[in-house]
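Colleague: Letter by letter, the chains look like this.
2 protein chains.
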Amino acid sequence: MSFRFSVRTQDSVTSARTGELILPHGIVQTPVFMPVGTLGTVKAMSPEELENIGFDIILGNTYHLYLRPGDELIKNAGGLHSFVNWNGNMLTDSGGFQVMSLQKFRKITEDGIEFQSHIDGSSHLFSPERVMEIEHNLGADIIMVLDECAPYPCTKRYAKESADMSLRWAERCKIKHEQLGGEQSLFGIVQGSIYDDLREENAKELISIDFPGFAIGGLAVGENKEDMLRIVNLMDRVLPKEKPRYLMGVGTPLDLLENIERGVDMFDCVMPTRHARNGQAFTRDGRLTVRNGNYKEDFRPIQDDCSCYACRNFSRAYIRHLINVKEILGVRLTTLHNLTFYNTLIKEIREAINNNSFSEYKNNFIERYTRSDEGNIR
Amino acid sequence: MSFRFSVRTQDSVTSARTGELILPHGIVQTPVFMPVGTLGTVKAMSPEELENIGFDIILGNTYHLYLRPGDELIKNAGGLHSFVNWNGNMLTDSGGFQVMSLQKFRKITEDGIEFQSHIDGSSHLFSPERVMEIEHNLGADIIMVLDECAPYPCTKRYAKESADMSLRWAERCKIKHEQLGGEQSLFGIVQGSIYDDLREENAKELISIDFPGFAIGGLAVGENKEDMLRIVNLMDRVLPKEKPRYLMGVGTPLDLLENIERGVDMFDCVMPTRHARNGQAFTRDGRLTVRNGNYKEDFRPIQDDCSCYACRNFSRAYIRHLINVKEILGVRLTTLHNLTFYNTLIKEIREAINNNSFSEYKNNFIERYTRSDEGNIR
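Each protein sequence line maps, in turn, to chains W and D.
So the first sequence is numbered by this note's numbering: it starts at 21 and just counts up by one.
So the second sequence is numbered by this note's numbering: it starts at 21 and just counts up by one.
It is possible that part of the hints are untrue.
[Unchecked claim] With a straight-line Cα cutoff of 27 Å, these simulated BS3-like cross-link-like pairs (lysine-lysine) come out:
{"#": "1", "chain 1": "D", "residue 1": "K63", "chain 2": "W", "residue 2": "K346"}
{"#": "2", "chain 1": "D", "residue 1": "K224", "chain 2": "W", "residue 2": "K63"}
{"#": "3", "chain 1": "D", "residue 1": "K316", "chain 2": "W", "residue 2": "K95"}
{"#": "4", "chain 1": "D", "residue 1": "K261", "chain 2": "D", "residue 2": "K316"}
{"#": "5", "chain 1": "D", "residue 1": "K316", "chain 2": "W", "residue 2": "K63"}
{"#": "6", "chain 1": "D", "residue 1": "K346", "chain 2": "W", "residue 2": "K63"}
In short, the hints are calculated from the structure, not lab data.
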């Protein structure tokens, strides 16, 4: 078995924990933040840069890669790792979320999700079996079951029917996955919207199917933070301690802290890369909209004590100029900085947990991060 | 004096020569190709990447930098080198060519060039004196006189009047430049369109004003190759052997070979970077349109024997995919490759001249480069 997870340190006060995830392409220290490489590239970065920052697992989006360049082509290239030249670990989602968020025309039945390509309008079916074939062609180390990410808000009835169907899909995925064989690990995804009883029921059923890891899906889709944190608290209670928990699509630096406190081990989010393209940089003092006029003649780095290439070599004024005139280097530098910020944060959190000072670290971080005026969206 | 040029090896058959240009930011081996960093960044590249490729001089465009972020801001940042974090040498053009090519509304008088910003329509005047102030604020190692780049085609009368005015501007530039002082070196620019007698007269006058280096301007603007090469031959005869010759805005790999043969020492061109953004890669076998369908499942590198990061790590199929889905990494990789190609070519040319085998090198290069079908635009 090329998958093993072990908890290293359990925080004495909260559910925060560090652990080690052993995967075919190396060891991943948890909690871990995984940058998103939708189309086989973490936008604006080279794999060398990601490795230098210290990432050892990145995401790919099945939906996007299936459409372009196609999973068969990637299989012929020797798989996704080889195609994109990434020697670390990879995780692919199932495409379910992407279909929901990108498609106007889709039809969900027990069979799966019928949809039209957002590129050429062609028709496609993502059944649980088909998605397993695609994810096996891509060859990521961790792959995800097909699920329906229920819209928010949705009625309890819709949420239940959707979560039940996702559960049946999860079973079908597991069967197909085992038929296909190989070294990839298939994670289940808990659904049930913001309804506690549905979530608990769904999680228990999923646990009984048995997966090496569990994702919490259907959050960060518009619900308020209390709902998110309550569901994660519940999951912390229900999901097995000895298996990794992955909170999909989350989130801000503060989200990371709050959810790590609630026992989450894995995160992915487009936030650091997307904000970077929008000229927003994460700093210890909150978010900095580097394209703002304030920074026109500000010759300090984005963040004084940051060790990234951007902060070691360039000023806010220069990066602002680059972003304003739409030069690629601007986006490269903000992306590099934001990803460095996220990876530094998660590394420091791991150290704090190992030193039994997680709550202190969290409080200090939040105190400074929320002190300034600009960091109003956390 | 922080400028010195010496010819190292003079080819025994042609006018090709190698030399050394000593500038405030280090030694430049000639012939040299200078990548264009219009807005203070060679598009898609970091200064570290340019240095790793081996470039030791890059361009900035005065017109663009004057408008955004402004030469005063750059001066406050400690000059262009410091602002963009480039430790090698820099050259700025005078903005004359940019005004001609980018402006619909401009008025040329003896005073200088009045124009409206292509960004906000505001009115500006580039007089020879003003341009010297701006180029001094930017602080490049080599700066260029303000000239009018006559359109092609133009009447002989227009060409003469224009070249004569450019000459008077050159004198005014030199006076202002000397008043302003400092370590920068001011190059003159020969004009005269494709009229041999005008060119010769213009060059001689410019020589008598006395500049440490001479550029050949007003070529690569639509004239045919024979005209270009004839003018460069003429310049080779007229311009002093002991001073560097800079052919502005040129060109293709074959242009470099032909003009080095005719005694040119310095080149700049957007071609490697611009074609890269368009999905075209330079190879020893001609240009390769990597976004073409042919390369969909071509898992070979762009060029087998290339040592650049793109060719060492990625396939044509992957780069094609990136370019097709408009991912920044695609443009980064083709740009890195094309600039590596240009710098490798010019380095090999220098070695060939030093080994007295320039003509052999040139013939072999052209034979292979033009053999394949795809390299039809050289």
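Colleague: Work down the list of hints and note, for each, if the structure agrees.
Modeller: Checked hints:
1. K63(D) to K346(W): holds (10 Å)
2. K224(D) to K63(W): violated (53 Å)
3. K316(D) to K95(W): It holds: about 13 Å lies between the C-alpha atoms, which stays within 27 Å.
4. K261(D) to K316(D): Violated: K261(D) and K316(D) sit about 50 Å apart, past 27 Å.
5. K316(D) to K63(W): holds (21 Å)
6. K346(D) to K63(W): holds (10 Å)
Going down the numbered hints, you'll see the structure goes against 2 and 4, while the others check out.
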